[in-house]
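> Using the hints, build the complex out of the two chains.
Residues per chain, in single letters:
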Amino acid sequence: MEDYLLVTQDLTKVYKETVAADRVNIHIKKGSIYGLIGKNGAGKTTIMKMIAGLAKPTSGSFEYSGFNCSEDEAFSRIGALIEAPAIDPNLTGFDNIRIKCLAFGIGDKKYINDLLDLVGLSHTWKKKAGKYSLGQKQRLGIALALVGDPDFLILDEPINGLDPQGIAEVREMLNKLNQERKITILISSHILEELSKLATDYAIIDSGRIVEESTNKELKEKCRDKIAIKTSDVAKAIPVIDGLGFKDYSVVNDKTIHVFDKLSDITVLNMELAKAMIPVESIGIESSDLEEYFLKVTGTIPGERG
Amino acid sequence: MFAKAIKSEAYRISKMKSTYVLMGVLVAVLILINFMYMCVDLYGLMGLSKEDVEQIQEMGTSVEGYEESFMAGFQAGLDSTENMNEEDKPITILGEGPMYGESVAMVYSMDVSSLYEVLLLAIFVGLYIGNIYTTGLDKNLNIFAGNRTLLFAVRIILIAAYAFVLHVVTWFTSLLSAAMMGGGVTLAFDKAFIMYFLITWILVVSFGCIVASMTHVTRSKAAGITLGIILSAGILSTIMSIASLMLQKKLGLESDFNLGNYTVTQNLATINLYSDGHFVLRAIICAAVYFAVAYVFSLSIVKKRDIA
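Protein chains in written order, with numbering that gives the first Met the number 0: chain A, 0 to 305; chain B, 0 to 307.
The shape of chain B in the complex, shown without the other chains (with noise of 0.2 Å):
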């Protein structure tokens, strides 16, 4: 019944359109972004050379050291300024940008954390979800009438699988952009790019299951596209920050406490080739967090409910 189930499911994707476009504008996107990274002289655009940037960053994390780091800044932006008046010197947009010359590892480390794959990702599950409703399939599907569970946990697995594909398509765009406009190519394919890479997939396909979820529920295309946008567009983050200082104040809480931290997208977007066990066992803590409570809800709900 489960290879039935996989064999005929993954004969539905493969014939989406859906599937083959979004991985298409992923690579698209992703050309576009690494080119901006790579290509363009960002920092020679904000009057900064390379030792300005190293010296920022070296200031860079304390409270006091943003200031000077700030202020550095500020002072080579002044800098720049003038020795631009003086030698009437022109701005050049394309350069080497801050992305040029490293590793496929930090490149592709910076389009995952881009979010565009999760963007495109929920729409490929609201599509595909949400087409169950949409064409009544699962009524043509009565074979499986009386084990709901096995059809809806291959649709997870299947999301899952295609989640994986949209993150190899990102690390070969990532080489590709390295290859092309980055300067030549290194790999840096070791333990901790395996992790990351393992990691992020881990938080993706959390991700896609509170899509999955959703669109089950609410048995919409639309609503499980929304909130992935919402999601992946960092619109709750606002509305997260408000919320994190009123804990802070209510609660006693650490200034540094941020609900976001706890949230998907926001662990995919700042978890990196470097980050630490603590942040890395967060990461997996909430994703699996996620996952189990989107699944065993919609689960719950799909099995209660009758075949429309």
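So that you can see chain A by itself, here it is in the shape it has in the complex (with noise of 0.2 Å):
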């Protein structure tokens, strides 16, 4: 069995009549970086809030089998950034982790100025918060989930409002985080081809549902380039392909074939084809990023639902 940190059975918040999760089961790994993809509005934040703490689920529940201790001991080994970072205007950037430092018995200023290095905001500590670029209150936000050195970071749209090289920055953070302290990170964005450099596992969500989980392994396979075939007769055309050395192949349906190796041989594979008197409706080479994927796993591609 793995060793999960989290595991959610059948999580569903209800706000008036809108179902915003509906029976979630998700399972997040310890050690790995959970990505959750979804659409806005999908439920994602949700799903953050209530496995942080901050909301009360209508129904199911959640378990933090990883800490091996109570539900609200587990909260204080979490740091969260959800939605907007929660930040006093007023206050420095020092004065808003230190408010947070003392709920968890922190005193020490060192430990709040190397949280600022560690975002790169050491240089503005003395800054007005309020003053701050969109960039750097996300960075701030993440500072602050990340006092009481958390094991489980949950991180909404952590890169949002970052530029280029700020959002370089936070994934090579993550990753550190993530390979040297062993934070378990849960994170959420719509920067798809970002999260795909940072995630280990992903969960699809739509309309509140988990649509498909599964490991970055997995996704990869599925958005991995491939000649597709569309033929009448599959049964005809697979010996064809046997024929000339393809091995990696599959049949998707009984019109359908992707072939994934040798896509250069895409030419001599049709001319092979047409000898046969195999009719083929088209034959190209497909290639979908995971925004593509999700697209059609979320059935926003009409027809393409996988």
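Do not rely on the hints blindly, as some may be mistaken.
Subject to a maximum C-alpha distance of 30 Å in a straight line, what follows is the list of computed DSSO-like cross-link-like pairs (lysine-lysine) [what the hints assert, rightly or not]: (1) A:295 - A:246; (2) A:130 - A:108; (3) A:125 - B:220; (4) A:130 - B:3; (5) A:219 - A:295; (6) A:125 - B:16; (7) A:175 - A:109; (8) B:6 - A:109; (9) A:229 - A:216; (10) A:126 - B:6; (11) B:14 - A:126; (12) A:125 - B:3; (13) A:196 - A:181; (14) A:175 - A:130; (15) A:130 - B:6; (16) A:219 - A:38; (17) A:109 - B:16; (18) A:55 - B:6; (19) B:302 - A:15; (20) B:220 - B:303; (21) B:220 - A:126; (22) B:3 - A:181; (23) A:38 - B:303; (24) A:126 - B:3; (25) A:55 - A:28; (26) A:108 - B:6; (27) A:175 - A:38.
Hint data in this document are derived by calculation from the structure and do not stem from the laboratory.
Here it is as structure tokens:
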């Protein structure tokens, strides 16, 4: 059995008549970076709020089995940045962090300076947080989430508002936290390309429901480049494909075959299928990135729900 | 957990500019009021001498006495106007005011009953509690996610502590005023004063809890502060008087029945160093009931609600 940090069971949240999260079951492994993918309003933030203790589930439950402690104690081991960072604009970045530090029983000022340094805000510690740029506020939010050295970090759109350099820095920082401090991270982002550089596991959420939960490896498999053949006679086409030495292929349905190796041999394959009098409706190289795959899975591209 | 929450919240309060600005405003406002009552010859401006005032105060309480005192005051006014015309005496503004020469305790009693302290406390509470909702601060404090009662209690305790500080600041301002403008300092730091200090503090804390409750329930700074202003400025007193009259007629209550007597601010405005036991008991019960209702009501809502 996998070593899970968090497992949810039919976690549901209903706001008046809107079902924000519908029987959500996610399994977050210890030490993983778990990416939550979904459109705006899909229910990502609601799920994050529930497992961070900020919102009460309408039904269902979650268990921090990896912590071996009570739910209340578990909350003290979680760092969360959900929606906009909770920052008092009239206070400096230092003071904002100090408020949370004192709540965690941390009185050491060096600890705060180290945190500011980690997120690249050490030069702005005297500046009022209200005067921070959007990216700086986001960094301060991450620093706040890191107070108390959490074992589990929940980050809702942490790279929002960051410039490309900032995004790369945050990515590097999260990777470092994950690998060096063994912090498990749950992260959501609209920038799927970025998410794909970080996450080891994914859940795709649509209209409050988990549509798919997979590992990075599984997802890459689904997203990799392939020759897509559409034919009315799949049975006849298979010996031709075998005869040309293609090893890695799969029959998707009674009209579609995906071939994953020797993509450069597409012309030869097309000619051999024609020679064998196999009617080919279409043949071509398909490549889909995480974004396209997400759109297919969530049914945003009509008829492509996979 | 409790100590950590106290430290964290106290630090937040210590970093709020309004914490100090409001104290400064309180000192300035009370010094102005005390100046008016100590250094402005209010009776003289009305053409009354000290003897006239004493006569009026002696007649004072009954309806007949009130009528007599009113007539005496009126007559004194006429006399002084006539005298002024005869002697062409100039009107002097500065002089010995009604609180000149009074003890610090008496000046303090007047300062507390002016309700400026609770007005400024309302602004403080509105800002302090309202900031939680405007900044989403509680999202950072998920360490208390399973124990919101504790965090709620800590915040009320700190409001009570700030109310105590304002109470002390008020006393020091009274002392300062007496020393600078009151013709000398007589502390009158006796049992009656200590009782008065504590009872009025309890009333102020109760008032702070009502404002905190309003701010929590509406999640709005403005709502809490507005309620505080309405209550401390006596805007509801007219409505209270009308409601009292209606109740008197409907339920056949005595003519001195007044709903306002059962409000925190009215008790705060009318209680004094020499209030009798019945009055004091009513003030304490009012403070306790309002505090308990506001506390329980807002806590139940805070616990039920998700953290925004």
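> A separate judgement is required for each hint: does it hold in the structure or not?
Consistency of the hints with the structure:
1. Taken as a hint, the residue 295 of chain A and residue 246 of chain A pair is honoured in the structure, with Cα atoms around 26 Å apart against an allowance of 30 Å.
2. At roughly 22 Å between alpha-carbon atoms, residue 130 of chain A and residue 108 of chain A fall within 30 Å of each other, so this suggested pair holds.
3. Between residue 125 of chain A and residue 220 of chain B, the direct Cα distance comes to roughly 27 Å. Compliance with the 30 Å bound is thereby established for this hinted pair.
4. For the given pair, residue 130 of chain A sits about 29 Å from residue 3 of chain B by alpha-carbon distance, which is consistent with the 30 Å threshold.
5. Of the supplied pair hints, the one linking residue 219 of chain A and residue 295 of chain A holds, its CA atoms being roughly 15 Å apart against a limit of 30 Å.
6. Taking the CA atoms of residue 125 of chain A and residue 16 of chain B, the gap is near 16 Å; set against the 30 Å cutoff, the hint holds.
7. Restraint check for residue 175 of chain A and residue 109 of chain A: the C-alpha separation of about 20 Å stays at or below 30 Å, so the hint holds.
8. Restraint check: the Cα-Cα separation between residue 6 of chain B and residue 109 of chain A comes to about 18 Å, which is no more than 30 Å; the hinted pair holds.
9. A distance of roughly 26 Å separates the Cα atoms of residue 229 of chain A and residue 216 of chain A; the hinted pair therefore holds under the 30 Å criterion.
10. Under the criterion of a C-alpha separation no larger than 30 Å, the hint pairing residue 126 of chain A with residue 6 of chain B is consistent with the structure, at around 23 Å.
11. Distance hint between residue 14 of chain B and residue 126 of chain A is fulfilled; the C-alpha atoms sit about 14 Å from each other, no more than 30 Å.
12. In summary, the hint linking residue 125 of chain A to residue 3 of chain B is supported, as the alpha carbons are separated by about 24 Å, within the 30 Å threshold.
13. Among the hinted pairs, residue 196 of chain A with residue 181 of chain A is consistent with the structure: their alpha-carbon atoms are about 18 Å apart, no more than 30 Å.
14. Taking the CA atoms of residue 175 of chain A and residue 130 of chain A, the gap is near 29 Å; set against the 30 Å cutoff, the hint holds.
15. With a C-alpha separation of about 26 Å, the suggested pairing of residue 130 of chain A with residue 6 of chain B holds against the 30 Å cut-off.
16. Proximity of residue 219 of chain A to residue 38 of chain A is assessed by CA-CA distance (about 20 Å); at most 30 Å being required, the pair is judged to hold.
17. The hinted pair formed by residue 109 of chain A and residue 16 of chain B meets the criterion: a straight-line CA distance of about 25 Å does not exceed 30 Å.
18. For the hint pairing residue 55 of chain A with residue 6 of chain B, the CA-to-CA distance comes to about 27 Å; that is within 30 Å, so the pair holds.
19. Restraint check for residue 302 of chain B and residue 15 of chain A: the C-alpha separation of about 18 Å stays at or below 30 Å, so the hint holds.
20. Between the alpha carbons of residue 220 of chain B and residue 303 of chain B the distance comes to roughly 20 Å, so the proposed pair stays at or under 30 Å and holds.
21. Under the criterion of a C-alpha separation no larger than 30 Å, the hint pairing residue 220 of chain B with residue 126 of chain A is consistent with the structure, at around 25 Å.
22. Taken as a hint, the residue 3 of chain B and residue 181 of chain A pair is honoured in the structure, with Cα atoms around 27 Å apart against an allowance of 30 Å.
23. Of the supplied pair hints, the one linking residue 38 of chain A and residue 303 of chain B holds, its CA atoms being roughly 28 Å apart against a limit of 30 Å.
24. Our distance criterion of 30 Å between C-alpha atoms is met by residue 126 of chain A and residue 3 of chain B, whose separation comes to about 26 Å.
25. Pair hint residue 55 of chain A plus residue 28 of chain A holds up; C-alpha atoms about 23 Å apart against a cutoff of 30 Å.
26. Under the criterion of a C-alpha separation no larger than 30 Å, the hint pairing residue 108 of chain A with residue 6 of chain B is consistent with the structure, at around 15 Å.
27. With a CA separation close to 28 Å, the supplied pair residue 175 of chain A and residue 38 of chain A stays within the 30 Å bound.
The structure is consistent with each of the numbered hints, conforming to all of them.
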